[in-house]
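Chains A and B, in that order, give the protein sequences.
Just so we're aligned, residue 1 is where the first sequence starts under my numbering, counting upward by one.
Just so we're aligned, residue 1001 is where the second sequence starts under my numbering, counting upward by one.
Treat the hints loosely; a few may be bogus.
[Said to hold, decoys possible] Okay, the calculated beta carbon distance ranges per label pair:
| no. | chain 1 | residue 1 | chain 2 | residue 2 | range |
| --- | --- | --- | --- | --- | --- |
| 1 | B | Trp1172 | A | Asp305 | 38 to 44 angstroms |
| 2 | A | Glu59 | B | Val1186 | 41 to 47 angstroms |
| 3 | B | Gln1097 | A | Gln107 | 26 to 32 angstroms |
| 4 | A | Pro290 | B | Ala1163 | 55 to 61 angstroms |
| 5 | B | Leu1257 | A | Ala292 | 42 to 48 angstroms |
| 6 | A | Gln107 | B | Gly1144 | 47 to 53 angstroms |
[Stated by the list, open to error] Away from chain A, derived, C-beta distances all over 12 angstroms, residues of chain B:
| no. | residue |
| --- | --- |
| 7 | Ile1007 |
| 8 | Leu1016 |
| 9 | Gly1033 |
| 10 | Val1106 |
| 11 | Phe1119 |
| 12 | Pro1130 |
| 13 | Pro1159 |
| 14 | Gln1167 |
| 15 | Phe1197 |
| 16 | Arg1243 |
| 17 | Thr1247 |
| 18 | Leu1312 |
| 19 | Thr1323 |
Hint data in this document are derived by calculation from the structure and do not stem from the laboratory.
Values in this document were obtained by computation on a predicted structure and should not be read as measured data.
By construction, the Cβ of each residue, glycine as well, lies at the ideal position given by its N, Cα and C atoms.
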Amino acid sequence: MSVMKKIMSTAAVLAAFTASAAQAEDMRIALVVKALGIGFFEAAAQGAEEAATELGDVEIIYTGPTDTTAEGQIEVINSLIAQGVDAIAISANDPDAVAPALSRAMQRGITVISWDSGVAEEGRMMHLNPSSNPLIGNMIIKLAADHLPDGGEVAVLSASATATNQNIWIDEMHKVMGNYPGIEVVATVYGDDLADKSYREAQGLMQSYPDLDAIIAPTSVGIVAAAQAVADAGKAGEINVTGLGLPSEMAGAIESGASKSFAIWNPIDLGYSATMIAHALATGEATAEPGASIPMGRMGAVTLDETNSGAMADPFVYDASNIADFVDIF
Amino acid sequence: MTHADRIIPDRLQSPLQKRLKSWETLLMAVAIGIFVANSFASPYFLNAWNLSDATFNFTEKAMIAFAMALLIIAGEIDLSVASIIALASTAMGAVAQFDVPTFVLVLTGLSVGVLCGAFNAILVTIMGLPSIVVTIGTMSLFRGISYIVLGDQAFRGYPKDFAFFGQGYVFWVISFEFVLFAVLAVIYGILLHKTNFGRAVCAIGNNPTGALFSGIRVNRVKFILFLLTGLMSGVAAVCLTSRLGSTRPSIGLGMELEVVTMVVLGGVNILGGSGSIPGVVIAAFVMGMVTFGLGLLNVPGIVMSIFIGALLIGVIALPRLWTMWKE
């Protein structure tokens, strides 16, 4: 009997201790990624930690499944709901499959936002896009124009002719061509996101347009292949290959001079902004509603559209001055 | 003259002793140990809703594991179960586009499961091919069809009441999936331990030739077991699809290995011949609680799979080490 009592009282003390410890804890924000061990997301976590340090009273739980499945993410979400975290910021493996689990999280008072890869509207309060189509369309032509002060001929090497994203970006690029006088887009060709086909298309461009000054490839496969084709043709420095690419794959092209600069979203900024937004929503500083403006610390503020999604910033520009810092990240 | 009572044993071990030394007891001790450890490690573990959420980590896998246990006891294996889920779910998604009632969806899922099982069964029992090779092949085949149909797209738009199978609760925190899991556990327990069919399954696993000469229709029993495994994959497909609310071709990827792990952890001899359903039930709880408990501590998934692997090897090696030490 007395032994039983002792165990009971120990348990009670222990429970009280853990309960008070839980109350004294900081705000806990979970950064849920598609899968662990991916450089892009590790960098986002680094950004989240930066935001947590800046905010002071925030603990980041960086988590995700082992492989990129929706089921794995649901298990992670369930355990986060069970722990009663304050906010979940997720890059979803499947926009629909994780929505029921996330709706449940919101019912239990957890702030839920998505970033990078979005969640269906009913499963999140807001979605943070790394950038927006108009910003990307403007950025890819700006990258080329910045190195052509006297104007010149540029060509576009896209993915496939039916690639939705690339077509939208190229459309957006054509809309702002008026801001870049002297720049002429002479051709748009399609490398189908295959390395060898993109390489041949880039070779074709150099032969058809001897005065070509720049190739814009808004695809990470095309930009690498085009840079290789330019370098192989001995035209590095003469023809500038630019567009959207990954620092790890583009380091060689920057070094050889085939590419002067290129852009892609910065995962560190993305993780930082997602954390800032989650914090602002969880504390009630901001509300997620169409038209709302939510602060993101050093990244400014994001304005939400009618689907409660917003764009973080211009794509981040990488060149010889900063690429070394990002080569190992993604 | 005093007469000393002498006990003449009519068996080597008393039933109680036998029960205490059984695999199920060892596993149960592990399960209780994990439960207690989890309760102390995380203040969130002992909560009815959280425990209820945790059951979803294993119910679907366990449903397949019951049929898989019988199949492995009979000396065969089916590695295509996760791909059957993908194909059955894709078929349900395709049918759902025509606004059919929910029972038609369920029927579609189950039928595709049975058909896939039948395909495996024909190749193994009628053509006489080894089941491990056949089902590695159909593993790619079934999921491949899903990928061709869906590509990077998804089927959604399931009817509202379809959500009940994976998200519904029968009573308070007791989910429909958990009830189904419990009912199936009882059915498979009776089938394996209390029927002639169950005895035949064990006999085939121990000695297929001997079983054949004893008048057991070996191929027919195996055929039925493949159908059952297909059917249970169909059931799991209904539950998982309902829980996710959408179908992508990657649904349930890699689940077959977790199902086999569950069966082996449950004490089923991977070489066939012996095993029990209660063992598989406890193994399901053990795996579910380990993953959920580690999840609560935010242990990364990679470390979690190391834990499961270590648990499997540990639980299997422990009795062997024990006997070696006693000798």
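Using Cβ atoms and 12 angstroms as the threshold, tell me whether Gly1033(B) really stays out of contact range of chain A.
holds (17 angstroms)
Do Pro290(A) and Ala1163(B) keep their Cβ atoms within the hinted range of 55 to 61 angstroms?
violated (28 angstroms)
Per the stated criterion, does the least C-beta distance between Leu1016(B) and chain A lie above 12 angstroms, as a non-interface residue requires?
Holds, because the least Cβ-Cβ distance between Leu1016(B) and chain A comes to about 26 angstroms, which exceeds 12 angstroms.
For Trp1172(B) and Asp305(A), compare the CB-CB distance with the range 38 to 44 angstroms and indicate the outcome.
Holds: the Cβ-Cβ distance is about 41 angstroms, inside 38 to 44 angstroms.
Find the nearest Cβ of chain A to the Cβ of Pro1130(B) and say whether that gap is larger than 12 angstroms.
holds (28 angstroms)
Beyond 12 angstroms from chain A, beta-carbon-wise, is Arg1243(B)?
violated (7 angstroms)
Verify that the Cβ of Gln1167(B) lies farther than 12 angstroms from every Cβ atom of chain A, and report whether the claim holds or is violated.
violated (6 angstroms)
Checking a non-interface call: every C-beta of chain A should be farther than 12 angstroms from the C-beta of Thr1323(B). Is that right?
Given that every Cβ of chain A is farther than 12 angstroms from that of Thr1323(B), nearest at about 35 angstroms, it holds.
Minimum C-beta separation from Val1106(B) to chain A exceeding 12 angstroms: can you confirm that?
Consistent with the label, Val1106(B) stays out of reach of chain A, its closest Cβ about 19 angstroms off (over 12 angstroms).
Is the nearest Cβ of chain A still more than 12 angstroms from the Cβ of Pro1159(B)?
holds (14 angstroms)
Using the beta carbons of Glu59(A) and Val1186(B), state whether their distance is inside 41 to 47 angstroms or not.
holds (44 angstroms)
According to the definition I'm using, a residue is off the interface if its beta carbon is farther than 12 angstroms from all beta carbons of the partner; does Leu1312(B) meet that for chain A?
holds (16 angstroms)
Hints 4, 6, 14, 16, 17 from the list above are not met by this structure, while the remaining hints are.
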